[in-house]
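There are 2 protein chains.
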Amino acid sequence: MKRWNGWGDETIDRPLADSALVFLEQRLGAGDRSPDLDFDEACARVGPSRLSADVMLDTSASARLCHAHGQSLPDWVAFRRDRLGPFPDAVARPESHADVRGLVDKARRLGAVIVPYGGGTSVVRHLAVVDDGRPVISVDMSHQNRLLDLDTHDRIATLGAGAAGPVLEAQLRAHGYTLGHYPQSFDYSTLGGWLVTRSAGQQSRRYGRIEDMLLGARVVAPGANLVIGGQVASAAGPDLRQILLGSEGRLGLVTEADMHVRPVPACEAFHVLFFADWTAAEAAARGIAQSGIDVSMVRLSNAEETDVQLRLVGHESAIAWLRRYIGWRGLGDRPCMMTLGVTADDRRTARRITGAALSIARQAGGISTGTRLGTVWAANRFAGAYARNALWDAGYAVDTMETAVCWSATAPTMNAMQRAAHDALAGFDERALVFSHLSHVYAAGSSVYMTVIWRRAADPEQDLAHWRALKAAVSRAIVDAGGTISHQHGVGRDHAPYLAVEKSDAGLAMIASVFDAIDPERMMNPHKLLPEAGDVG
Amino acid sequence: MKRWNGWGDETIDRPLADSALVFLEQRLGAGDRSPDLDFDEACARVGPSRLSADVMLDTSASARLCHAHGQSLPDWVAFRRDRLGPFPDAVARPESHADVRGLVDKARRLGAVIVPYGGGTSVVRHLAVVDDGRPVISVDMSHQNRLLDLDTHDRIATLGAGAAGPVLEAQLRAHGYTLGHYPQSFDYSTLGGWLVTRSAGQQSRRYGRIEDMLLGARVVAPGANLVIGGQVASAAGPDLRQILLGSEGRLGLVTEADMHVRPVPACEAFHVLFFADWTAAEAAARGIAQSGIDVSMVRLSNAEETDVQLRLVGHESAIAWLRRYIGWRGLGDRPCMMTLGVTADDRRTARRITGAALSIARQAGGISTGTRLGTVWAANRFAGAYARNALWDAGYAVDTMETAVCWSATAPTMNAMQRAAHDALAGFDERALVFSHLSHVYAAGSSVYMTVIWRRAADPEQDLAHWRALKAAVSRAIVDAGGTISHQHGVGRDHAPYLAVEKSDAGLAMIASVFDAIDPERMMNPHKLLPEAGDVG
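If you're matching them up, the sequences are chains B and R in order. Per UniProt numbering, residue 1 is the first one in the first sequence, and the count goes up by one each step. Per UniProt numbering, residue 1 is the first one in the second sequence, and the count goes up by one each step.
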């Protein structure tokens, strides 16, 4: 069963190592460990529904509670610290395109608002229920998860948009094919969610971002069923797929999508390298990204993140050995770790890619430790989010903030984001543990992905105050640096106040005009994506 | 000087070989060779302007004549057969973003309509002047053609949008960089034109389509200057670049664009291969496209096109030798020709790509003739359009029609398009010479590019009747096959009636709503792209 108030499966716990706890207390002080709200208490907070239960609409308190939140920090404060609500009035679980059509028609008749729900993994409050006077239906798409067609000649799979990563991949792999989309939220996030939030998977160097994989989609909008895209390549006017991608539910509910797929690769390995400093490591990452060498992933941790990751792994003797080895190879005590993914259809190609990428890395002074650490990384690639549960239980909050910028701006932006995070918490006399990595590299630049850990407070309002200051300061640092307000998480409620900097007022007007053409009553996930009066930026 | 009434430079003639003329007469009969209108006669057709000449606006008859048309067949009938008009009331030649801003403001004050003019190479009537009662200004962007900035660290070039291919590449190559965008119209078409019509270059396998190369653009719209895009990668809402791309001037005038560039490659070669039949050749093209082998181009002529190309080249003894060689290798007398582009940063990579691609081709029975024919192709890659002048003078009209479809639909669509062309002209008791190639291949499918040659008639109205029947029949065959109405030419006036099949009515409403948000008076290239009442489809 999915945890109702945290990340992942409730039978899986990944407690922190003792040494990690000691490290956190030394760096941040001890955090508050006030007990959580329990499930029954939480259900009791759910008030009466404005909608009548029927075969389509589940108005039970448990369903409404479990669909009221995602994984944004304010969501965590809500479900862990008893700051719950508002709740959707009902939860629907359609199983087909026709079900969704019927549901949207019904919602329209009822004057209700629809909030699409995929895997519930949004970290920017795509799922927030905003009470504007209308009843709210959360539409859980997870039952529409089947592989409907696979054309191996054209390499196109038609999939139900509610398919979460493991269900989607299992169906494709049974035929020898893969989509190759692996965001950290893979275990729960869904195809439809990936599409409307422009998700980027860990191996996007090989498989592309989700927008590169979409051939076409079927969408249930209030007034019509839309068929968007479907052309292999076209010069016939604007590409409407690129409006659907990133629409965050405001155009309608994606029910089915035609996706480019490819055969399951024969070889895959993740090589871990270390560099003496950031400058050398970034030069290697840029060199590989601009060379055209088709590695599947380049992931580069800064010195702080490298240090913290080695500490949090907890295998002290192995890590001590690794640190000695790195020191012996002359990299000093502040190394930066790079993980290089090599994915290929045959071993000869894998060897060639590995050789070419390692050669560029070595020219920048990189030292390879082989693939053992990379195998550990791969085995835990989707498990990182479980640390959030363990950290919270230990008295610490954690959040991540991210952007993408040109190479010239990569290090300055990363430093400005980290400084903003430290300064924001220093304003409350709190310390922050802050570290970053580049998660996706491109010819012109890179993403910057920053993690912040800080102490929970005794008062949940104080937790929220800390987060608001942190989020505002870092978001401001991002847009001031010319970065996108999100490279991979989307906009939701949390990033909406910053969108105008990136898109311009005219650009927002263009987007709003499209939504209004399709959804004049603004019943499809309103209050998300586009900024509204009263949003605090 | 650019030819006012045909393709290319007026000092360049590429007459047909005698053997080619004999072949055309045998296949099609002799065409009409009525003499053309001359330039002075044509200027005399230009009536008075509704605008007053000033430092911004050139109202001379010659300027207005030369900006009244593109390269669509109806354009040819207009300027060659005295069916001229309507004409723009003035031609403007802005030299900077500020000039364009001033010009658009002035046009707005005058209640005038703006038609953007890049290189004048549109084959679908993007440049047509439609008289809706308002004066029309043709904005010739060719003076805004400079490389404004080149960031080699991030590999981004900022360019004036009026830069035509040779001017653009010369400036980049002076620094060792290239955009790598080579449509057949390269000599005249401009960056801004490529962007707003979603152009695809011949080597798009390596460099991408123009939409893959765009980082961001500055656009002068009626009410505001727009800055669109600029993010390396983003999950922050819809991608507005993809609305600008394909907007065909309706959002505004693109003045400057930031483009991804790369170093000039060290090696380039074009290998020519022959296959016994289409099935084998298509299997090889698909195999290469799906393998991930990074050839820069795959171009595959069907048997008819292979035959015609060899005939029209005119080197009879060399071609006879080639035909004997192909026959001797057992490929029969209806071979299909493939041209494979190999472009790489070093010789080792070039050898690897060549080996991998030829290996797939050989498995499908392909016979390589090496790179000599490919070198001839490359030397003439932009000269093919000159054949239009020579054919017209010899009594023949020529047009091309194109789409893209999934691999499963490639051969059926090509055959349906060819049959439609034959049948349309057979309705007039006319024969057609029809042949096709795949010009751009993708993992999921391919473009299909068809050429039709037929006799000119003594009466220009008859020429237009032939063309209308041909265009309607082939366009209908394309949309019936599920293909895009254009893979690389755009929509303009000629394809607008077919756009709704591809985009849906709701999709067209989405596009119209964006244009109306930015240009409520519809002064920017109106009557293009979106279908209008009275359009004949």
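Any given hint could be a false lead.
A pair counts as met if it fits within one copy or between any two copies, since identical chains are not told apart.
Okay, derived cross-link-like pairs now, SDA-like style, lysine to any residue, Cα gap no bigger than 25 Å in a straight line [unchecked claim]:
#: 1; residue 1: 2; residue 2: 459
#: 2; residue 1: 106; residue 2: 371
#: 3; residue 1: 106; residue 2: 504
#: 4; residue 1: 106; residue 2: 464
#: 5; residue 1: 2; residue 2: 359
#: 6; residue 1: 106; residue 2: 505
#: 7; residue 1: 2; residue 2: 500
#: 8; residue 1: 106; residue 2: 329
#: 9; residue 1: 2; residue 2: 208
Hints are computed from structural coordinates only; laboratory data are not their basis.
Here is what the structure says about each hint:
Proximity of residue 2 and residue 459 under a CA criterion of 25 Å is satisfied in neither setting, with 27 Å inside one chain copy and 76 Å between copies. In the homo-oligomer, the alpha carbons of residue 106 and residue 371 never lie at most 25 Å apart, since the shortest distance is 54 Å inside one protomer and 65 Å across protomers. For the identical chains of this complex, residue 106 and residue 504 are inter-copy neighbours only, at 24 Å across copies versus 36 Å inside a copy, given an alpha-carbon limit of 25 Å. In this assembly of identical chains, residue 106 and residue 464 lie within 25 Å of each other by CA distance neither inside one copy nor across copies; the values are 37 Å within and 52 Å between.
Within a single copy, residue 2 and residue 359 get their C-alpha atoms no closer than 44 Å, and across copies no closer than 50 Å, so neither meets the 25 Å cut-off. Taking the closest pair of Cα atoms, residue 106 and residue 505 come within 25 Å of each other only across two copies (23 Å); inside a single copy the shortest separation is 34 Å, beyond that limit. When the C-alpha separation of residue 2 and residue 500 is checked against a cutoff of 25 Å, the pair qualifies neither within a copy, at 36 Å, nor between copies, at 44 Å. Taking the closest pair of Cα atoms, residue 106 and residue 329 never come within 25 Å of each other, the shortest separation being 67 Å inside a single copy and 68 Å across copies.
Taking the closest pair of Cα atoms, residue 2 and residue 208 never come within 25 Å of each other, the shortest separation being 29 Å inside a single copy and 42 Å across copies.
In summary, the numbered hints that this structure violates are 1, 2, 4, 5, 7, 8 and 9.
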